[in-house]
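Following the hints, complete the assembly by docking chains B and C onto the known chain A.
If you want the building blocks of each chain, they are given just below.
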Amino acid sequence: MENIAALSNEQITRDLLPQKFGRRGMIWTGSLIVLCLVGAYAYYRQLKYGLVVTNMRDYVSWGIYISNFVFFVAISLVGSLITAIFRLANVKWATPLTRIAEIIAVSAIVFASLIIIVDMGRPERFMNLFIHGRIQSPIMWDVIVIGTYFFISCLLLYFPLLPDLKILISVKEKTGKALNKLYRFQGSFWKGTKAQFRISDKAINILCIIIIPVAFCIHTVTSWLFATTYRPGWDSTNFGAYFISGAFLVGAGGVVVAMYVFRKAYHLDKYITPKHFEKMGRIVVLLALLYLYFNINEYLVPAFKMKKPEEAHLAQLFTGEYALLFWFAIMIGMIIPIIMLVFTKGRRPLPVFIAGVMVVIGAWFKRYLIVTPTLLHPFLPMQNVPESYHHYFPSWEEWAIAIGSLSGALLIITLFARIYPIIPIHETITEQHEEVEKK
Amino acid sequence: MSCNCGGNNCDKNSRRDFLLTSLLATAALAGCSDKKNPFTPEGEVIPSGEKVKLLSVDGEIIEMDKAFLKPVPDLPQLSNSEERKGIAGKKFVMVIDLARCKNLGKCREACNHAHQVHPGQNWIKVLGMEDSDHTAPYWQPTTCMHCDEPPCVKVCPVDATFKRQDGIVLIDSDRCIGCRFCMAACPYSTRVFNWEEPILIKEVADDQEVVGHHYSCETSTPQKKGTVGKCDFCPDMARKGELPHCVSACPNGVFFFGDMNEDSVTNGAETFQFSQLIKDKAGYRLMEDLGTKPRVYYLPPVNRSFPYESGLENEKQEDKKAN
Amino acid sequence: MKKLKKNKLVWLFLALSVISSNSLSGQEDSVAPKEIVKLHYFNHNNSLQYLLIESQLKKGKKIEPQKNKGFNLFLDKVQPENLITRVYTDNSGKAKAVIPPQLKDLWDSAAQHTFLVVAEAAGKGEETTSEFIITKAKISLDTSSTDETKNISVTVMKYDNNSWVPVKDVEVKIGIERLGGVLPAGDEDSYTTDSTGAVTGEFKKINLPGDEQGNFLLIARVEDNDELGNLMIDKKVPWGITTKQDNTFFDQRTLWSTRFKTPLWLLFMAYSIVIGVWGTIIYLVIQLIKIKKLASLSAEK
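Chains as they are written, first to last, in my numbering: chain A, 8 to 446; chain B, 16 to 338; chain C, -9 to 291.
In isolation and in its complexed conformation, chain A is listed as follows (with noise of 0.2 Å):
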């Protein structure tokens, strides 16, 4: 961290800091919020009139509201790739990225529970997963593993946030009284002693091996859901690997769009350096040829043999109704940036953000593409149901639902940037001062 090693403590606290909306993050949030509030309207009226306001019928049961869920589960898991795995492997340079992977993996998480809600044809019945929940259902696992890595996520979030807490309550006439009343409510109890130190460090050690195989396991688990049936296109013994491979590179797809985002918006620039653009852009690379690997997996291997029930659906994708989705899903989620990752002029900060951008949107629609397709083709044909059966595409509810909860995602991560340092401070202070005594 060369450029910062000339910044004083103050100067690394005062650019940290939590900053006010300027005109641009006021209109941003106030999008977010009436997107967020459309969703909300769109939700009302699925609940007063039924799942028939969505266009999901008999065959395509399973819609955008499921694909969303399977993106959101998919991104959260950055979390344990950039905080823990790098932790564990002693990746200094990773350190500012951490929190910004942290609070994406919480609002995904969040958000993949409420979809998971808004699918539901009874949501007031929520409560029978507990009263009568069966534990040989891949629901119920994905239930316990889902509520499990959100505490683990939020207390990765916590531990770290405590030496921050302590210096923000320090700067009160910056951050305002209501902000300070919630840092002392939050934090108040952390004097930094050595003592203290010894138990963070080794909790917060704890919490990056545990939360590596309970992230496996969410998305392990959501991959269940579809490989636990007979479905073409779902039945595969690859769907774990597969889904792990994808979200960890959706996930860090998301973390180059978001440090791209922070970096312009708070001018973190001597904190987010080009060096860290180019080493996420590597990380990228590799696990977008890891998904490749996948992915010709998963579709090479049915399409050699070509069983009858998996000829209809591969069919769809490759060539039919589906197809110019598949490839642009294909294209803009694997190869372009491949291509433009692996030149040493593709990973400068634009063109990382902008392959970021491609891999986050590529992701969503891969998943729709794991959703949708293979309902339309069951084994036994369609018939004897109205026509609209036959097809599906979103109705505006369901997208405004899923545009809102993605905005609400958005919004939990922009009100945690207002309120919180989005790049750790302390930590930053730290390794500063370890980078001049190496000097």
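The set of hints was computed from the structure by calculation and includes no laboratory data. Remember, it's a predicted structure, so these values are computed and weren't measured experimentally. Take these hints with a grain of salt, some might be off.
[Claimed, not checked] Cross-link-like lysine-lysine pairs, in silico, DSS-like; alpha carbons within 27 Å at most:
hint, chain 1, residue 1, chain 2, residue 2
1, C, 283, B, 121
2, C, 51, C, 94
3, A, 99, A, 286
4, B, 106, C, 251
5, A, 173, A, 27
6, A, 271, A, 99
7, C, 140, B, 66
8, C, 158, B, 121
9, C, 128, C, 226
10, B, 81, C, 225
11, C, 251, B, 217
12, A, 179, C, 49
13, C, 51, B, 217
[Said to hold, decoys possible] Below, a sample of chain C positions facing chain B; criterion: calculated Cβ distance under 8 Å:
hint, residue
14, 33
15, 90
16, 125
17, 170
18, 173
19, 195
20, 198
21, 233
22, 245
In this text, a Cβ means the ideal position worked out from N, Cα and C, and glycines have one as well.
Just chains B and C, lined up with the frame of chain A:
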């Protein structure tokens, strides 16, 4: 006592009346027959407590409960746990003879009517099947398979769909959370979802026998918004000693229903030894390779009663209705 | 499957005859619905007897049950003393009636009786009376078995001139009571009585399950005979194979069992993971509390 009403009606009636006769007899002449068939509802009918004196064939005066004078006796309301257990000692099974089906759709109609299925949706689908380019097309009525290894029950997170000891897979719409995992898990696409508030078509709404009773997993009615529904093998009819609606509605005798423990299936007019029928006509089950172990058997469409094409006309009419 | 085919032919024939008779009558009176009243007489085990009235409305080709229709039933003559009962049909257009004890003398006085069904006047229409004549009859069922064969013989007799005489040419069905129907006991679906009023059938259903003792109910019946009505007799015979009721269904621990019967390996796996992870989480929360406590300690110092 002439019966000139022709085939189906007459057979159906006599079957039903036969059952009622046997139950009348056991009720009236206690001790004369000590058979205990859990199927005929004799043990379960609510006695009215009022006795009726009547004259026997040889002019003797005998006594019996008034409840048995009703053509269809009242059965006690079952508790949810009772409905979840099922009828002891039974293993229900269905045989569908593809050689007899001409896509008349009476099964579907009767089923939809009895179960208040949402207009447009069907619990029974009569599929026009053509397995490959050069194989013969045929009509395949498709009900719930009531699998012995039901993939839908495996994935239900709240025990809302369950397997009973009599082999039937049912849904408890008071428990279902509407996650639709079971629909994704069912390889036979047999499950339908109540996407909106249930709608009763006029004919159903007018039928006092069908509407206006409390919810029961066995009748699957009234339908509930936001829950999953499917063919239930009509256990309520079985308790009354009657056959499922599709079986009695089919004029061609396509559907056979019975009890594997009795090794017999019937379509109301004909009764066969189940094992013999399956053996003689090479019965099979759908998607055996999935290991779901269906309780519905199919007899292959050989020596057909009707050409495939005769069903196409019905298909067109059905399409018109649906759209 | 010769038998099956034959049945199918019968079926076809019956179906055709329905269609043709319907269409014929449909042409006759397509405007005014025609009332059809049928009376079925049932005699069970030569003791219990009852009447079933079936009322239908024929509108063009369609036959519908006539609900809530009132009928007065009389024995032999339409006069108040001879009233059997007054009934209303249910939703399926049916009503049941039994002969009351006060008609005992009248019933005993003759071998043949006429049941008169007087339909209540409906609207502008007037009372209509239908007649059904029944002769007292009895049916008996005997079984004999040797090592190889099991035989069933059924005799149908009617009461005539103060004595029981055999009835010839009556169709008798012999079968085993099964769920929803009667399984033919032999190769034939039905048999016709000879001059001694008897039929004999051989029991052919080998390996048919009976109850726990191997018993099942053998049934012989005459269906809708013009002269005798419906006669039925049953007899319990130990000709089946014994079956044992399986009570272990709810003890199975499988993936499709209820939440109370989760497979043990799954329970073990799930609980060990959950306990392991949440144990760690609880430990971490305790650490957090420890940090809090340290703060108050340092404050005291």
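Do the hints match the structure? See the list:
| no. | hint | verdict |
| --- | --- | --- |
| 1 | C:283 x B:121 | violated, 76 Å |
| 2 | C:51 x C:94 | violated, 42 Å |
| 3 | A:99 x A:286 | holds, 12 Å |
| 4 | B:106 x C:251 | holds, 21 Å |
| 5 | A:173 x A:27 | holds, 20 Å |
| 6 | A:271 x A:99 | holds, 22 Å |
| 7 | C:140 x B:66 | violated, 41 Å |
| 8 | C:158 x B:121 | violated, 40 Å |
| 9 | C:128 x C:226 | holds, 18 Å |
| 10 | B:81 x C:225 | holds, 26 Å |
| 11 | C:251 x B:217 | violated, 44 Å |
| 12 | A:179 x C:49 | violated, 90 Å |
| 13 | C:51 x B:217 | holds, 22 Å |
| 14 | 33 | holds, 5 Å |
| 15 | 90 | holds, 7 Å |
| 16 | 125 | violated, 10 Å |
| 17 | 170 | holds, 5 Å |
| 18 | 173 | holds, 4 Å |
| 19 | 195 | holds, 6 Å |
| 20 | 198 | holds, 6 Å |
| 21 | 233 | holds, 6 Å |
| 22 | 245 | holds, 5 Å |
Checked against the numbered hints given earlier, this structure breaks hints 1, 2, 7, 8, 11, 12, 16; the rest are met.
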